[in-house]
Amino acid sequence: MFIEIKGLKFKYKNSQEETIKDFTLDIKKGEIISILGQSGSGKSTVLRLVSGLEVPSSGTIKIDNRVIVDNNTFLFPEKRGIGMVFQDYALFPHMTVEGNIKFGLKNMDKKEKNKRLEEVLDLVNLKEFKDRYPYELSGGQQQRVALARALAPKPSLLLLDEPFSNLDADLQIEIREELKKIIKQTGITSIFVTHDRDDSKALADRVVILENGQIINVGNPKEVFG
Amino acid sequence: MLKINKVKQNLNIWSICSFIFIVLIILPNLNILLNFFSSPNENWNHIKEYLLKDYIVNSLKLIAFTGLFTILMGTSLSWLISAYDFPFRAFFKWALILPLAIPPYIAAYTYNGLLNYTGVIQSFLRNSFNIQVNQKYFDIMSENGAIFIFTMFLFPYVYTITRSFLEKQSASLIENARVLGRNSLEIFLYVVLPVSRAAIIGGVSLVILEVLNDYGVVKYFGIPTFSTAIFKTWFAMGDIESAARLSAILMFMVFTLLVLEKFLRGRKKFSYTTAEVRPISRQKLNKSTGILAFIYCLVIFSLGFLIPTLQLVHWSFLTYRKILSVKFWGLMFNSLSIALFSAGLIVIIALILANYSRINENLISKLYSKITVVGYSIPGAVIAIGVIVFFVKLDNSMYWLYKLLNTNSDKLVLSTSIIMLIFAYTIRFLAIGYNSIESGFEKVGKKFFEASRTLGMTTTETFLKVDLPMIKPAIFSGFLLVFVDILKELPLTLILRPFNFDTLATKAFEYANDEMIHEAAISSLIIIIISVILIYFFYRIGDKEVN
Ligand SMILES: Nc1ncnc2c1ncn2[C@@H]1O[C@H](COP(=O)(O)OP(=O)(O)OP(=O)(O)O)[C@@H](O)[C@H]1O
Ligand SMILES: [Mg+2]
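Protein chains in written order, with the working numbering: chain U, 248 to 473; chain C, 18 to 564.
Hints were generated in silico from the structure; no laboratory data involved. Please note that a few of the clues may not be correct.
Result set (SDA-like, lysine to any residue): computed pairs, CA atoms no more than 20 Å apart in a straight line [unchecked claim]:
(1) 464/C <-> 381/U
(2) 260/U <-> 382/C
(3) 460/C <-> 334/U
(4) 463/C <-> 300/U
(5) 489/C <-> 339/U
(6) 260/U <-> 381/C
(7) 326/U <-> 481/C
(8) 360/U <-> 462/C
(9) 326/U <-> 31/C
(10) 353/U <-> 74/C
(11) 464/C <-> 386/U
(12) 460/C <-> 382/U
(13) 482/C <-> 340/U
(14) 353/U <-> 481/C
(15) 260/U <-> 481/C
(16) 464/C <-> 382/U
(17) 464/C <-> 335/U
(18) 489/C <-> 342/U
Here are a few chain C residues that sit away from chain U, every Cβ distance over 10 Å (derived from the structure) [claimed, not checked]:
(19) 53
(20) 104
(21) 137
(22) 147
(23) 199
(24) 227
(25) 248
(26) 328
(27) 340
(28) 342
(29) 384
(30) 410
(31) 456
(32) 465
(33) 535
Being a predicted model, the structure only gives us computed values, none of them experimental. Virtual Cβ for every residue (Gly too), placed ideally from N, Cα, C.
I would like the entire structure built from these sequences, with the hints used as guidance.
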């Protein structure tokens, strides 16, 4: 398996109960996983654990047979090679689109950086916007910049936290199709979080239903939704 | 296993630096507290028997009356300004903050110069009306005089905090009370005072800490309090042990005060988070009450700012030819350079500590920020003693090293250098820089930090590329606040400065103490002008953003 998550447990400092209880999941290379669950079920927390923003109290995560978390190891987020698109995008307000996208390309020379910038801008269809600042973009454009920024360093895994929640309803469907196209085009393994079944149906190869920090069902959308 | 893991995760340059800073802050103060448990010497028995009671009574009297009067003045003004319309209200709204620009010690000798036998008031009465006044009524150099000075120049702490609370938080409560047919006085007593209790207590605690920190006023007026006693015991009697013991008692008083503040304020913070932020709709006062309100504000503004400033301007004209010499520019240079350098250093340390505690939200980091902030409440006299004892010890234990570097090195190296003063400034003013930067971090939140980490940047890279540019305004305002505070600072500078190192503040104070009040005017004015500019930027412009 490309990604193996085993027995992940986690509790926020000020909460009584375990937020994540025994999360186990294997993911094939290139697969698109959707985590579906109600608000507060722990979806974002799972992504934070995978990306390294939180430290699990136990459990293992391996990517391509490399351990990134277990009882003796904790790889910092910057060492994991995992891209993440945040719920509210978190685009750096003091940098242009170009600056944001190039931010993660630290080990490249200038020419390579520019080349990669053009590639991902092409991918998300935002070539003319490269000199704009985030506040000069629409919500949908911001989201695409966030996606381009996460993809630019060629991560081995892409995490998306409610990628459509900040968009207007009619825009959501359009963007969903576009996102699907982009992800398929790059062939990147991804996990995206949503609380909308339609998102899962439209995008995911497999759906994970999370309730109260526990997986209660896994399978392809047809199986799960019947 | 996991424990080790977590330790490893947290151990980096940020945590190491933070740890070192915190230890350096604690050590000198710990020294003082530990001293308290050693057996007292003979001198101490004498102090305890004959003097201690005076120190305690005087300090408490100053605190109690200043506290009471600043509450009365601060809350009445903030209520007037936030709930009513009257002539020049908008001007007074921020002008009433200006007394903060005049350090109490400068106010003290300005008022003395104004009121004494040769001062402008008595001369005028004598020369124009041939009136000889009873000196008793014109002698400000007394305990009552000190209370007057502290009240007039510290009340803005209560005024600003209470006013901004009233403006932002209390609209619905007060409008309700008005609808229920209560008159203004009833509303003030039964609604305004109770709901703004937390804000008032917050403000008056700052006033009291300033009174306990003061050395200039009580020294100049000759009132035996803890600050003056600590210095006298140390310099006149050469008894540093008893001085440290007095410091410990003073520190104990301060901590009691802080606990009391927490207790009195209750669990309420300054703001009710649930209430929507909406300004009070102001009532227009009718003509005669409007003029009364105007006069009330004008009198306070005149006493607290206009009169002493004009007096200083006048004296400056009398003395500028004599004062503005090469020596004076040296003073300017000393003052500005040490304030710039120390403020820069403090902001850097504050940045490191604030960043550390933001990234690691655990018990240690909470403790760190508590310790950082407590430094501001420790009176200058106490810090001075703590720092000097600490540095002398340091010098003693490093003497071998000095000798290694320079065979005929003096024994006291660090403790005779300016490093000691900068160190003391850092302990005392770190809190100001820290608070400003912490609130900057709070505004920005953690998401950009996290985004940067997932894009492959380490904590330090993130700090430089993301955090630093985003909290620039907070860093800048923290720097300015610290800068001005150092410029005005008196007790630490007076005691810990190297031989022959004068600043605007120390020179002004020396002139005043040598009965050369006029000569002190220019230095004092410069300090005041810089403070006024700062207040203008912070309050005037900050206010506009809110409105
Ligand atoms: N920083 C935190 N500290 C303490 N508890 C937290 C923190 N963040 C989240 N929680 C709690 O952990 C639980 C799971 O939160 P999480 O954000 O993972 O839910 P979610 O499924 O993403 O919800 P939503 O759909 O609303 O985004 C919730 O009960 C939440 O209150
Ligand atoms: Mg979430």
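If I take the minimum Cβ distance from residue 456/C to any residue of chain U, is it greater than 10 Å?
Given that every Cβ of chain U is farther than 10 Å from that of residue 456/C, nearest at about 18 Å, it holds.
Agreement of residue 460/C and residue 382/U with the hint, judged by alpha carbon distance not exceeding 20 Å
Holds. Residue 460/C to residue 382/U sits at ~17 Å (cutoff 20 Å).
Beyond 10 Å from every chain U Cβ: check whether that's true for residue 104/C.
Holds, because the least Cβ-Cβ distance between residue 104/C and chain U comes to about 42 Å, which exceeds 10 Å.
Quick one: work out the minimum CB distance from residue 53/C to chain U and report holds if it exceeds 10 Å, violated otherwise.
About 37 Å separates residue 53/C from the closest Cβ of chain U, which puts it past 10 Å; holds.
Please verify whether residue 353/U and residue 481/C have alpha carbons no more than 20 Å apart.
Distance of about 14 Å is within 20 Å: holds.
Would you assess whether residue 147/C, listed as outside the interface, keeps its beta-carbon beyond 10 Å of every beta-carbon in chain U?
70 Å, holds
Given the hinted pair residue 326/U and residue 31/C, is their Cα-Cα distance within 20 Å?
19 Å, holds
Are all C-beta atoms of chain U more than 10 Å from that of residue 465/C?
6 Å, violated
Between residue 464/C and residue 335/U, does the CA-CA distance stay at or below 20 Å?
9 Å, holds
Run the distance test for residue 353/U versus residue 74/C: straight-line Cα separation, threshold 20 Å.
65 Å, violated
Given pair status - residue 382/U, residue 464/C, alpha carbons within 20 Å
16 Å, holds
Take the C-alpha atoms of residue 482/C and residue 340/U, compute the straight-line distance between them, and say whether it is at most 20 Å.
With a Cα-Cα distance of about 12 Å, the restraint between residue 482/C and residue 340/U holds, given a limit of 20 Å.
Of the hints listed earlier, those the structure fails to meet are numbers 8, 10, 15 and 32, in rising order.
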